[in-house]
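Trainee: Given the structure of chain A, go ahead and fit chain B onto it with the hints provided.
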Amino acid sequence: MRFALEFEQVTKEYRSFASKRRLRALDDFSLTVEAGEIFGFLGPNGAGKSTAIHLAMGFMRPTRGAGRMLGDRFGHPATRRRVGFLAESVALYHRRAERLVRFYGALNGMGGTHLANRAREVLEIVGLQDDANRNAGKFSRGMLQRVGLAQAMVNDPELLILDEPTSALDPLARVMVRELLLGARNAGKTIFLSSHLLSEVELVCDRVAVLHRGRLARLGRTADLLKVGEQTEIVARAIAAKHFDGAVARDGIVSFSVPAHMQRAALEKVWNLGGEVVSVNPLRRSLEDIFLEVTADPQSPSSGVVR
Amino acid sequence: MKPVLLIAINFAREQRWPILTLLLWVLLLAVLGLVTDIHRQREDLLFVFKQDAIYVLAFSIFFGGSAIYNERRSRRILGVLSKAVGRQQYLSGLVLGVTLACAVYCFILGLTGSWTLGETGFPILHIWFLMVCLVAACMLAGTVALMFSTFLNPFFAAGATAMVLGLPALAGSIFGPQWGYVIPVWELGATVVNSSFGSPGTASWFPVVLAGAETLAFWLLSARIFARVDIAVAVE
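Chain order of the listed sequences is A and B. Residues in the first sequence are numbered consecutively from 1, following this note's numbering. Residues in the second sequence are numbered consecutively from 308, following this note's numbering.
Extracted from the complex, chain B is given alone in its bound form:
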C-alpha cells in the first residue's frame, strides 16, 4: 500500500500547476461572492459553480489519459518500476493520484460553494453530496482514460474515453434513462449540472456506488493490459 500512496502523492504533486490553474477558477467563484450582491447574483454564482465542476471532469480525463504517456516519454517510469513496485500497484497509484488531484479541487470548490451558494439558500449538505458525485465521476473517468492510455497516445485515449463515457448518455436519451447508468459518469455530471435553487436534486447514492464498482472493473482491465505492455519501448 505504501508504494501506491507514494506514487499517488507524487502524481498529484506533478500535476500541481494544472490543479492550481483550475483553482483560480474556483477563486473566481469566491471573488464573485465577495464583490457582488450575493443574493441578486445567485443564479450566476450557481452557473460558475457548475462550470467549475465540469472543468474538473475534463481534467480527470486529461490527467488519466496522459499519465502513462508522460511517464514513459520522460522515462521516469523506469526509475519507479525498477523498484519493488508491481505494475498493478503502479496503476493503482495513478488512479489514486488522479482521484486525489480531483478531490483536492472538489474540496476547495465545495468550500467556496458552501460559502457563496450556502449564503443564498442552497442546501450546504447537498453541495457536499454533489462534490462526492463529482469525485466519483472523476475517479471513473480518469480510470477509463488511464485504461486507454496503456495502449493509446493521450489524444486517442481522450477520444476513446469521451466515446465510452458518452455512449451510455446517448443510449439513455434514445432508449430510456436506465441506459445512462451503464457507465454513470454522465449521470453523475448531470446531477451537478441539473441542480438549481428551485430543485437542488435528490441525493441518490446508487450512481456513486456504481462508479466505485466500475472503477474497480476498469482498473482490473487496465492492469491486465498494462501487464503485457513493453514500457521501455519508445512511445509512438
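Looking at chain A on its own, in the form it has when it is part of the complex:
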C-alpha cells in the first residue's frame, strides 16, 4: 500500500516563551492517508487539525515523532513540488489574479507558455476567468479562496492538502469544489480535506478521521462510520405510532427503526394495519452525530495544557 501521508506518533507542543507553559496540540498522533483517496479530517476548533497540516507541510517541527509526505520526510522542499496547499485563511499578495497564480507556479519551477496556459486553465476551473486581470487585493473572501484553490492546483499536484477550502464559498461554488475534488480523485490524486462542513465531507470523502484534543478519536471509511449496526428505518403513513416501539409521528407520517432481521415482519404489520409504506432504508447516522458524540464524550482523548 502506498501512502500519500503518514504521521507516526507525532506529538507537538507549543511552548510559551514567557510563562514556560506548554500546550499539547497533537498527542501521539498516528494516521495514514492512502494514495488516491479523499480523506476528511474533522475536529472542533483547537483539536489540532491545522497543526497536523502545518507539520506535514514543514511549517513547523514535531516535538516528538515523525512523518512522511509522498514518501519523503515532512518539510522536504522538493516534495512540495508535487503538493498543492490551501491555507485556512487565504493570504495573497495584491497582484492581478493571473500574475499571482503564475508567481506561485513559478516558485514550483514551472515556466513559459506551459505555466501561462495552466494559470488560465485553473482560473477557469475555479470560475475566475473573467477576473483574471483584476487585482486580488480587491477580491471578496470567496474569490480569494478560489484564487487560493487555483494556486494550489497550478502545478497539477499528486496530493492536495486543503484546510477549510469552502468556508467562504457560496453554495454554487461549493458544488464546483465538490466536483473538482471528485474529478481530482478520479484522476488518481489524493486529497486531504480539513473542513467543518460535515455535509460536504460526508458527500465526497472516502475515509474520515475525527481529531479531538490532539488525539485521533474516530477513523474509518465514511460509509462504515455512518452505518448504525444492522438497523432499518421504516417510514409509513395511515397508521398509529402506538403499534411500534419507539415510533415517532409527525404530520401523519410515522417513522421507526427495527433490526434488519425483523424488517419483513414490521412491513407486514404495517400493511395488515391498513398502512402504506413510504420508505425503507438502512439506518444511518450523519457525520454531525459522530462529531457531536466525540466532542461530548468525557472519555474521549484529552490533552490540553499539560504544564
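Hints may be right or wrong, so weigh each one.
Claimed, not checked - Covered stretches of chain A, as calculated for chain B (at least 3 residues, CB under 8 Å):
1. 85 to 91
2. 103 to 115
3. 227 to 237
Think of the hints as simulated: they come from the structure by calculation, not from any bench. Using N, Cα and C, we set each Cβ at its ideal position, and we do this for glycine too.
Mentor: Quick look at chain B alone, frame taken from chain A:
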C-alpha cells in the same frame, strides 16, 4: 536560483511605497540642483546627498527587521513556503530583495548625485564608489536585521541590529580604528559621510569585500536559526 529571484523581486515590489517615498528625497536633491546656483550651494547639495545616503541605511534595517514578521503576520509566508522553496532560499530571496530595494534607491541617488555634485567638481567616479559602499552597507545591515527578525519582533530586531552595528564603531573610537572593521557598516557609512569637496576620500575596497563576506556569514547564521522556527505560530 529562480525562486530566490522571484522572492527578491516580489519583496522589492512589496516595498515600492517606502522606496518611492525615499526617492522623493532624492528628487529634492535634483530639484535643488535645478533651482539654485549650483556652484554657490554645492556644500548644501553635498549635505542633502549625505543625508539621503544615510536614510537608506536606516531603511535597510527597517526592511530586514520587518520582512519575516510582516510575512508571518499576514500568513503570506505559508503560500510561498508551501511551494518547492527551502527556507534558505526564502532567506536568500529576502536578503536579495532588501539589497535590490536599496540598490534601486542608491542607483537613483548616484544618478542625481553625478548630475548635481558632478557639475560642481565632485569626482563622478567617486560618487559611484560611495554608492557601492552604501549598497554593501545596506546589504550587511539588512542581513543582520533579518537574522534578528527570525526570532525577535521588528522593534527588538531593529534595536539589536543597531547595537551590533554600533558596537564596533564604539570600540573603534576607544581602542583604535581597526575595531570599526569588525562589522564594517559604520565604516562604510563614514566613508560617505566624511567625503567632502576638499577630500572626497580614498577608494578602499577592503570594507566592501568584508561586508560581502560578513553578509554571507550572517545569512548562514540566519538560515540555521530560521530552520528551527515554527513559522505557522502566531507572531507575538
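Trainee: With reference to the structure, classify each hint as holding or not holding.
Mentor: A quick look at each hint next to the structure:
1. 85 to 91: holds (count 4)
2. 103 to 115: Check passed, 7 qualifying residues.
3. 227 to 237: Since 0 is below three, the answer is violated.
Figure legend: structure checked against the earlier numbered hints; the only hint not met is number 3.
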